[in-house]
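K.L.:
Each chain, written out:
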Amino acid sequence: MNWSSFSDFLAMGGYAFFVWMSYGVTALLVVAEVAWVVRQRRQSLARARIQRNIREWSSP
Amino acid sequence: MAIHWFKYASPASFYGLAGRLAPWFAAAAAVATLVGLYIGLVLAPTDFQQGDSYRIIYIHVPAAWIGMFTYLVMAGWAAAGVVFNTRLSGMMVQALAPTGAMFTFVALWTGAFWGRPTWGAYWVWDARLTSTLILFFLYIGYIALRASIDDPRRADRAGAVLTLVGVVNIPIIYFSVKWWNTLHQGASVKPGSSSMATVMLAGMLVMAFAAWMYTIAVSLVRVRAIIVEREQHSAWVGELLDARAPDDAPGTSGGVAGSKGEKAR
Amino acid sequence: MAVLRRDLLLTLRRPAELMTTLFFFVIVVSLFPLGIGPQPELLREIAPGVLWVAALLASLLALPRLFAADHADGTLEQLALAPQPLSLSVFAKLVAHWLTTGLPLTLLAPLIALQFDLPASATGVLVVSLALGTPIFGAIGAVGAALTLGLRGGGVLTAVLVLPLYIPALIFGAGAVEATLGGLEASGHLSLLAALTVFTLAFAPWAAAAAVRISLD
Amino acid sequence: MLEVSALAAARGDRVLFAGLDFSVPAGGLLQVTGRNGTGKTTLLRVLARLVRPDAGEVRWNNTSVADLGDEFFAELCYLGHAPAIKDDLTARENLAFSAGIAGVAADAAAIDAALAEVGLTGREMLPGRVLSQGQRRRVALAQLYLGQRRLWLLDEPLAALDSEASAAFVERLGAHLHAGGVAVVSTHHEIVPPPPATRHALRLGAGQAPAKPGSDTDFPGGRAAGSQRNG
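Chains as they are written, first to last, in this note's numbering: chain A, 1 to 60; chain B, 1001 to 1265; chain C, 2001 to 2217; chain D, 3001 to 3231.
Hints are computed from structural coordinates only; laboratory data are not their basis. Watch out, some of these pointers could steer you wrong.
Derived, one-sided and incomplete: chain C residues facing chain B with beta-carbon distance under 8 Å [said to hold, decoys possible]:
| no. | residue |
| --- | --- |
| 1 | Pro2083 |
| 2 | Arg2152 |
| 3 | Leu2161 |
| 4 | Leu2196 |
| 5 | Val2198 |
| 6 | Asp2217 |
Simulated restraints, written as ranges between beta carbons of each label pair [claimed, not checked]:
| no. | chain 1 | residue 1 | chain 2 | residue 2 | range |
| --- | --- | --- | --- | --- | --- |
| 7 | B | Ala1235 | A | Asn2 | 50 to 60 Å |
| 8 | C | Pro2110 | B | Tyr1122 | 32 to 42 Å |
| 9 | D | Ala3179 | C | Leu2018 | 37 to 47 Å |
| 10 | C | Leu2018 | D | Gly3037 | 35 to 45 Å |
| 11 | B | Tyr1122 | C | Leu2111 | 22 to 32 Å |
| 12 | D | His3081 | C | Leu2111 | 40 to 50 Å |
| 13 | C | Leu2088 | B | Pro1023 | 35 to 45 Å |
| 14 | C | Leu2018 | D | His3189 | 35 to 45 Å |
| 15 | D | Ala3026 | C | Asp2217 | 21 to 31 Å |
| 16 | C | Arg2014 | D | His3081 | 19 to 29 Å |
Just a sample of chain C residues kept apart from chain D, beta carbon distances all over 12 Å, derived [said to hold, decoys possible]:
| no. | residue |
| --- | --- |
| 17 | Val2003 |
| 18 | Leu2010 |
| 19 | Leu2012 |
| 20 | Gln2039 |
| 21 | Leu2043 |
| 22 | Ala2069 |
| 23 | His2071 |
| 24 | Gly2074 |
| 25 | Leu2079 |
| 26 | Leu2081 |
| 27 | Ala2082 |
| 28 | Asp2117 |
| 29 | Leu2170 |
| 30 | Leu2201 |
| 31 | Leu2216 |
Just so it is clear, CB atoms sit at the ideal spot from N, CA and C, and this is done for glycine as well.
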């Protein structure tokens, strides 16, 4: 363990801004990408479902 | 429609395979990220030269590696698509590109925030950063080209040509930028230089592994979305929808294995 | 070769397009002193980069001439159906394109270099480096132009695809002139540039031919 | 001569035709009809190897065209919608360069003779930009009369042609077929070549289109081509 306290950890030896900007933005991007992919998957299924329903209604 | 099965068989069976594998890769990525962050942020000692700002390399270097590596994997799929004319290849290239671009951007962003305390400037025309910037442009080019072609099959083939031309040029670009950099006496401090403690190296490798697993997991889920999108008119997607409850959570079902698929990849 | 003669004849019949490219080159280069200030030392220092980037942009602007008209009027289909490799026809088009774009730019460059008070030795290297580098712009550009045939926003898209790939040529070319300015030997840069030219001309027509076929499909 | 088996092509999401089988013997004409958007142009482009089929195969002289390469192209003359005429070149130059691209040896006399054949005598030196649509089409058709290419793939060759020029073209087509050539022509007008040429008809997209009385046999979904002897 490198740190003596949690606030020590947050301070990052005085480089808090740089370190947390790096980690924070990376985390944000990863979360955004995961959300985007999940949405993409949901939409693709929804669109396919609409297509199937159109097919079923239009052909007796 | 009998003809569809000729080339569509492969994506249909891959859809099931990807669905079964993705959760495992996602779990591996999550575990490795936690372990890597613990090593990098908690266990590893402070660097005696750079202080704690060096801890940015635990994301900077893995992101740069994976950004580069993903482009090579894209080129591999593109080459497979050109040689075997399989539909899945283009979809995989399409699925990998956004994640590769994201990691390349992360490498640039963290490079800037590492450079400010180290070099005193957010952006320095360092050889590695410059090459990474050009790599980012290559990703943007691929994504822009895809976005402006309506026919997905033309987009697949055009994207494959562009990716292959890009990958042939990458070594030339890296070499030329390095040459340019040494001539102009640019910054020479590198993140993660040779005198690295074993703990630091271990943390970096674990984080690289995490990024790699994450890329695989995300691109597998994305390729499933792309497959459904493109094959929404085919019979197997209809069967797939029948087998699913209308509102089950995405990503949880293992997917319906393509019973008609002959080729599994 | 029929394609080469035809493309040359077409440009000669309509010289305005060629002139537009050359004037663009001259105008862009002339903008820099106006934006930066007329100090001769500063201008001399930035001259290699400015002249090279301007030549690069002028080449980029000329790229639609390569395929767009032939794509619109059906000539490209006939080329694809000719009983000779399409890559050969693309190569012939590239030669014609260079003779009507790269070569005039190269010949015009020493004249423009006067604006920047470039010494004679550096001007000589500039001409040689542009002569070696402009074929690369045409050849790589052909791949980008072929990929974007018939797409909306084709011109800007071509630029986005192609510009990152132009960087090595720019580095070696401008570097050669800069080395001469700094009293160094430029042969290292020039031989790397020449190697890059040969490599590009060997592979790019082939990739551009593949791209043309994709755009016709 | 020209054989097609299990051919299928799709544009985007739409399947234009699937399971298409037909063969055209030497001296045969295949006339492709169908409403707009039923895939006539795509079929011709697939036959010319400009478009990859989604399934199936095209054979020429019992060899797949994918394996033939330039041998196939040397025997092929494809004329699409666009006549490939340059505004800045004269009719004579346009034709000469078309021949040059196609690898057909043609001297000045042969070029002028071909232009005369399409009724452009005296207009050889006019630049493309002053030629009318019909005249441009004629310059394009003149390519057919240069060299000895055995497979003609023509997309709406009669478009913009007057009746006189159409009749002259049909006569030339008959001579081509008589000499053992093959032609696939997409058209809205019925082309009746002089006997003994065989005429085959293929109607694409017949499933959706109302069948015209008195037209050639319809094959729903474009499954196969009928064959009927003229005269």
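K.L.:
Hint by hint, note whether the structure agrees.
P.N.:
Right, here's what the structure says about each hint:
This hint is violated: Pro2083/C has a C-beta 24 Å from the nearest C-beta of chain B, more than the 8 Å allowed. A least Cβ separation of about 6 Å between Arg2152/C and chain B falls short of the 8 Å threshold, and the interface hint therefore holds. A cut of 8 Å between beta carbons decides the hint on Leu2161/C: the least distance to chain B is about 4 Å, and the hint holds. Annotation: Leu2196/C was flagged as interfacial toward chain B, and the flag holds, the nearest CB pair being 7 Å apart, inside 8 Å.
For Val2198/C, the interface hint is violated, since its Cβ never comes within 8 Å of a Cβ in chain B; the closest pair sits about 13 Å apart. The beta carbon of Asp2217/C comes within 6 Å of a beta carbon in chain B, closer than 8 Å, and the hint placing it at the interface holds. For Ala1235/B paired with Asn2/A, a C-beta distance near 59 Å keeps the hint of 50 to 60 Å intact. Under the hint 32 to 42 Å, the C-beta atoms of Pro2110/C and Tyr1122/B, about 39 Å apart, fit the expected range.
Taking 37 to 47 Å as the suggested C-beta distance range, the pair Ala3179/D and Leu2018/C conforms, at roughly 45 Å. Restraint check, Leu2018/C to Gly3037/D: a C-beta distance of roughly 41 Å satisfies the suggested window 35 to 45 Å. The hinted range of 22 to 32 Å is not satisfied by Tyr1122/B and Leu2111/C, whose Cβ atoms lie roughly 40 Å apart. In this structure the supplied range 40 to 50 Å holds for His3081/D paired with Leu2111/C, their Cβ-Cβ distance being about 45 Å.
For Leu2088/C paired with Pro1023/B, a C-beta distance near 51 Å fails the hint of 35 to 45 Å. The hint said 35 to 45 Å for the Cβ distance between Leu2018/C and His3189/D, and at roughly 44 Å that hint holds. Hint check: Ala3026/D to Asp2217/C, Cβ distance near 29 Å, so the stated range 21 to 31 Å holds. Checking the proposed 19 to 29 Å range against Arg2014/C and His3081/D shows it holds: the Cβ atoms sit about 24 Å from each other.
Distance to chain D contradicts Val2003/C as a non-interface residue, since its nearest Cβ pair spans about 6 Å, not more than 12 Å. A beta-carbon of chain D comes within 12 Å of the beta-carbon of Leu2010/C; the shortest separation is about 6 Å. A beta-carbon of chain D comes within 12 Å of the beta-carbon of Leu2012/C; the shortest separation is about 9 Å. The beta carbon of Gln2039/C sits about 46 Å from the closest Cβ of chain D, which is more than 12 Å, so the claim that it is off the interface holds.
Even its closest Cβ contact with chain D, about 40 Å, leaves Leu2043/C beyond 12 Å, as expected for a residue assigned away from the interface. A beta-carbon of chain D is positioned within 12 Å of the beta-carbon of Ala2069/C; the least distance is around 8 Å. Not every CB of chain D lies more than 12 Å from the CB of His2071/C, the least distance being 9 Å, so the non-interface label is violated. A beta-carbon of chain D is positioned within 12 Å of the beta-carbon of Gly2074/C; the least distance is around 3 Å.
Not every C-beta of chain D lies more than 12 Å from that of Leu2079/C, the closest at about 6 Å, which undercuts listing it as non-interface. A beta-carbon of chain D is positioned within 12 Å of the beta-carbon of Leu2081/C; the least distance is around 5 Å. With a least beta-carbon separation of about 5 Å from chain D, Ala2082/C fails to lie farther than 12 Å from that chain, contradicting its non-interface assignment. No beta-carbon of chain D is positioned within 12 Å of the beta-carbon of Asp2117/C; the least distance is around 41 Å.
The claim that Leu2170/C lies off the interface holds: its Cβ sits roughly 34 Å from the closest Cβ of chain D, which is beyond the 12 Å cut-off. The claim that Leu2201/C is not at the interface with chain D holds, since no C-beta of that chain comes within 12 Å of its own (minimum 22 Å). At roughly 5 Å, the least C-beta separation between Leu2216/C and chain D is not larger than 12 Å, which violates its mark as non-interface.
Violated hints, listed in ascending order, are 1, 5, 11, 13, 17, 18, 19, 22, 23, 24, 25, 26, 27 and 31; each of the other numbered hints is respected by the structure.
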